[in-house]
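Student: So the protein sequences, as listed, match chains A, B, C and D.
Per our numbering, residue 14 is the first one in the first sequence, and the count goes up by one each step.
Per our numbering, residue 14 is the first one in the second sequence, and the count goes up by one each step.
Per our numbering, residue 14 is the first one in the third sequence, and the count goes up by one each step.
Per our numbering, residue 14 is the first one in the fourth sequence, and the count goes up by one each step.
For the record, the hints were derived by calculation from the structure and aren't laboratory data.
Just so you know, these numbers come straight off a predicted model, no measurement behind them.
Keep in mind that the hints are not guaranteed to be accurate.
The list treats identical chains as one, so a pair stands whether inside a single copy or across any two.
[Stated by the list, open to error] As a list, the in silico SDA-like pairs of lysine to any residue whose alpha-carbon atoms are at most 25 Å apart:
(1) 376 to 304
(2) 34 to 318
(3) 336 to 278
(4) 376 to 326
(5) 56 to 326
Now for the letters of each chain:
Number of protein chains: 4
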Amino acid sequence: MAGSTWGTLLTMTTWGESHGKGLGVVVDGCPAGLPLCEEDIQKYLDRRKPGQSRFATRRREGDEAEILSGVFEGRTTGTPISILVRNMDQRSRDYSEIREIYRPGHADYTFDAKYGFRDYRGGGRSSGRETIGRVAAGAIGAKLLESLGVTVTAYTRSIGPVEISMDRFDPEQRFANDLCMPDALAAEEAGRYLEELMEGQDSAGGVAECVIDGLPPGVGEPVFEKLDARLAHAVMSIGAVKGVEIGDGFRAASSTGSANNDRFVTGPGGAVAKAENHGGGTLGGISDGSRVTVRAAFKPTPSISRPQRTVNRRGEEVETVIKGRHDPVIVPRAIVVLETMTAFTAADMVLISMSSRLDRIQKFFT
Amino acid sequence: MAGSTWGTLLTMTTWGESHGKGLGVVVDGCPAGLPLCEEDIQKYLDRRKPGQSRFATRRREGDEAEILSGVFEGRTTGTPISILVRNMDQRSRDYSEIREIYRPGHADYTFDAKYGFRDYRGGGRSSGRETIGRVAAGAIGAKLLESLGVTVTAYTRSIGPVEISMDRFDPEQRFANDLCMPDALAAEEAGRYLEELMEGQDSAGGVAECVIDGLPPGVGEPVFEKLDARLAHAVMSIGAVKGVEIGDGFRAASSTGSANNDRFVTGPGGAVAKAENHGGGTLGGISDGSRVTVRAAFKPTPSISRPQRTVNRRGEEVETVIKGRHDPVIVPRAIVVLETMTAFTAADMVLISMSSRLDRIQKFFT
Amino acid sequence: MAGSTWGTLLTMTTWGESHGKGLGVVVDGCPAGLPLCEEDIQKYLDRRKPGQSRFATRRREGDEAEILSGVFEGRTTGTPISILVRNMDQRSRDYSEIREIYRPGHADYTFDAKYGFRDYRGGGRSSGRETIGRVAAGAIGAKLLESLGVTVTAYTRSIGPVEISMDRFDPEQRFANDLCMPDALAAEEAGRYLEELMEGQDSAGGVAECVIDGLPPGVGEPVFEKLDARLAHAVMSIGAVKGVEIGDGFRAASSTGSANNDRFVTGPGGAVAKAENHGGGTLGGISDGSRVTVRAAFKPTPSISRPQRTVNRRGEEVETVIKGRHDPVIVPRAIVVLETMTAFTAADMVLISMSSRLDRIQKFFT
Amino acid sequence: MAGSTWGTLLTMTTWGESHGKGLGVVVDGCPAGLPLCEEDIQKYLDRRKPGQSRFATRRREGDEAEILSGVFEGRTTGTPISILVRNMDQRSRDYSEIREIYRPGHADYTFDAKYGFRDYRGGGRSSGRETIGRVAAGAIGAKLLESLGVTVTAYTRSIGPVEISMDRFDPEQRFANDLCMPDALAAEEAGRYLEELMEGQDSAGGVAECVIDGLPPGVGEPVFEKLDARLAHAVMSIGAVKGVEIGDGFRAASSTGSANNDRFVTGPGGAVAKAENHGGGTLGGISDGSRVTVRAAFKPTPSISRPQRTVNRRGEEVETVIKGRHDPVIVPRAIVVLETMTAFTAADMVLISMSSRLDRIQKFFT
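Can you build the whole structure from these sequences, using the hints too?
Tutor: Next comes the structure, spelled out in structure tokens:
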């Protein structure tokens, strides 16, 4: 089945494998008139690039985005925007070992079970490079939201057992440290934690958080297309994500009604506002005008240098060592993926929300 | 937007409000030839009924399902199955207060913001009664899965701070206590916890868990229609759910690669199996043949008898007391909703998975 | 697969068989605030009822619509509108013959081939009664369009070889004669033609036409969701339709560019208008502000009283006579189906068109 | 709205403008294991190329397809297949005139009305070059069908008033003459007709026909996703198509039931067969095992060299002459578009049809 398209009015269709000719995305349904150039996309792609960091692989990826359609004289035309990123690193390697075995924690076995064979070069479609298309598309979603006064921001909340302190929250730190942690102290501590793991040829997981500010109330569709349900879908579709929370999430489960209910209060200009935000910006799956908060749990990088037990394609038990240098933690490079998937999903739902009231539709057409 | 339809090949379209004439669902795309009668649906609906329990409202709901179409001579025909549940409890009440104020933790305000007005009788479409359609549809999904050797089972994992012990796990207990907890001791303790809260006019949250057994490997579609992404969407769309986990979920975020990776081993008959199941039955979003585990965090019942601060429709701050008897916790009655939504979603994805390999398609048509 | 849902933002999901308990539809995505009552739907349903006419079956069908949800205090709430029509005529009949044979021109064989068995009572899901759901839903689509200044009108264009004359076009005649022909003379002639056929135990086909007036320019989405492509889909999905035209349709194929191109002219108030309308209101699949014209070719009623050659379920050739009284022509009762399917489809596309321009979206949200 | 994606399980998402950097398509949901190379696609693209013919523009288009993803070791992997065709002919031209006026019969005005501005270079997204993506995708659909024993064949049925004779039908002629007419005499006559028109700076329309052979019975989903409804959608979405017929189409409207009903007979091996095929291979929207016939009416090429009256962007009436050389008829180059859209649509519906019967599904999974 066609599982590579996401969205209803605003859609992205991603394609590409880690070691094929390239990766890309077609964004369809973007309203006409949005100023857009390659730099708008590149700055998001650059954030997911591996780099100089101690905690990211040294593989050199150019990942330069080329816009092939849908933009004319600097603005979107309303027709599909095709974005292409050529793979630079296609040199033939020796995949003879990875080809025969199923790496633990990877999709090697399930792709084989599903398709009868697989592209064994570096994970193929299940590689982290698949997110290039999402990020490129999400950059457009983010820009569209910005033009409507909505901003989306993601950062690392925790790495392994090390969590940021909300008291020390410093947005500048998001880009100041390798780990995208908006808390310098936590970043330092997490860095030490990662170095220990790397020595032990091991890896860490972590939690990323994303907030949407400025979203008008009324976005999200009951019953199955609730804003939080769509966000959960979008976020859980990111590789390595194993949990999603809205607002207080699992903490709400051990709270009480009197503590968890957000009180409504009279806001500026007599508007309805809330005194708290345990709910994370939605009520009944519809945005309530307060900040929307989404959280994602990422599992530890499955590629570790330690010898591991597994089986080969014939089902025989073997020991394997995954060669190459691996990121000790996925979260820092996944921040921009979470941010752009959230932005894209919210942008789609903002457009969808326009048709909910007859009086506004009548006004629109007159 | 039409947000009341769920699924791709197998769909449910639910409808109805808490105090309207009735609620129901249209299930479309169910394969022809499945034995089906009203009792198959009723037994699931009965599980979500409020009842004799100390921990559920005493309102009498008949909730009898009538199959209006799609079944002939005891078997599904392949055409839409329409199921109707008439509301019994439609007597006119005094809604004058609830009509003017926005209850904290409810969707009153967001529905008003979205639609310009709302059905203020008992929550309308955002009421828990909305799940009747889901459960009726999911009962068919569960039966379809059973006919393919797949079973789906949900239960309460925790209420407030009280969690079941996996050592004491007793499946019989699921139906033996009011709280659907498969651990008699935990159920007792949780009961005491709830009674305390009820005395204090407060409510509790909790966590529900659902497992799928027997799912063949290869179910789930990369990239956006991963099995876990679809499950997250389905589960987060259930009212009051604020978090979703697959497998170890958020615990994976503080684990390490060496501990979190599931080792592949040679299983019975030389098949590929796993020694652990931290991943919760999926790899790369595709089922790996092991048990699939989904977890949902439910917030505390927002309706509590305590006076609460809020605003009215004119934005003025007021104090309100929500009258009537309320469930002190949502989880026990939501268990069957989680189970049926999971079953339905998995059933759809099983059908979808049939078109992934040309060799099997060729065999199918010859 | 779930083939009973139509639309994107505004959807209908129909269900029901000719001899089951009832038929109905769930309309989802209707904007909130539209005044709606059962009479709005009933007046359309009454137009498809068989009746006193010489040219329609005498079977008594009450076909009374009950709105079960989605309307509160006389207005739509934005949530699903469920409409139920109970079947009155469920008395057990002797289907022993029809059960075993495949009626020529009917879907008996193809349903059996697809589903392995079928509901043989009067055609089941493939009966003309299936259109009840469409008409009820389309009535809502038509009312929504009306509230935006758009009207949709269908009528009979030809029956067998007898076509209306555009010179004698008289809209009043649509409801004045049994055949919905807006030309009294043609109706008379067509009546004589049908009586001849009825004497010979035969039936006629015909062409229906539908026009949309007041549709703003800009409705329809390139490339696959063109307004005319969606209309063609909607119209071809009506039972017995074998051809669809937009504007001049097949006549355009034998025309020339100089004759077929519609000249743009300066319209009232300096607006862009057209001097002709061969195109039928669309250019590049997008409405151009002129009248949209759709035409549908209906095959002759396949049920005729003459003995016919066919095969039974065992593949043996047999002769069959289809008992009962049959409409000698489908078109007059299908007029309201064409009109409502057109209205519903256009209404959905009007909502969809709201997200095409950023400047208008920005204005909408401020 | 995202209108550039077509299909359910097997989808194509096309993109690109006539004078942008390139055009292409992403095909998603293609089953794994289908042998595929660029030549498979190129041979279809070559059929839509303008060329040496007297009746096609001389513009040189290389139109070479590059497969960027989804194929590994010569076979499809089950993941998205991205195909890119770079535009060669991007030299800057003088568009000053076309930029300001609305060409009659083109989508210039409607794009402006919809999007607020347009890509005025050669039609942008509404250009005939848009079909490159469809054809490339449809080539894959055709190959998939072939692997299941289904073939799809299109040809010119008429040009202007000149129609082929079925008595002289010669499949070899499809590729032997410039007009794709399977009747040498008709091709000659049509050639003369076109030359006359060209002298008069005018253009012609025509009818194309497409047949599907070998389609198993049971393909097509009641009610809205009938095989013929989907085909009508697909075909009407092709630029310049104004009418679609299945089987006898509009001729059925003037026929009688006794003449139009196809008799079932005992076929080879006792299978159910038909003595006639007025229905064009479907009954109730489901394939009946006989040849499926689709027909499309194409309007005359709107670009003609004659001076034409129109308006400019300010709504002022002007006279315009469309420069350059234009095809005097669209049909011959559209044949491959009709063929591939039909193939792709049928392939999708074949996959969809696999989930209609429980017994076959049970067998599939065991």
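Student: What are the numbers of the hints the structure violates, in ascending order?
Tutor: Structure breaks hints 2 and 5.
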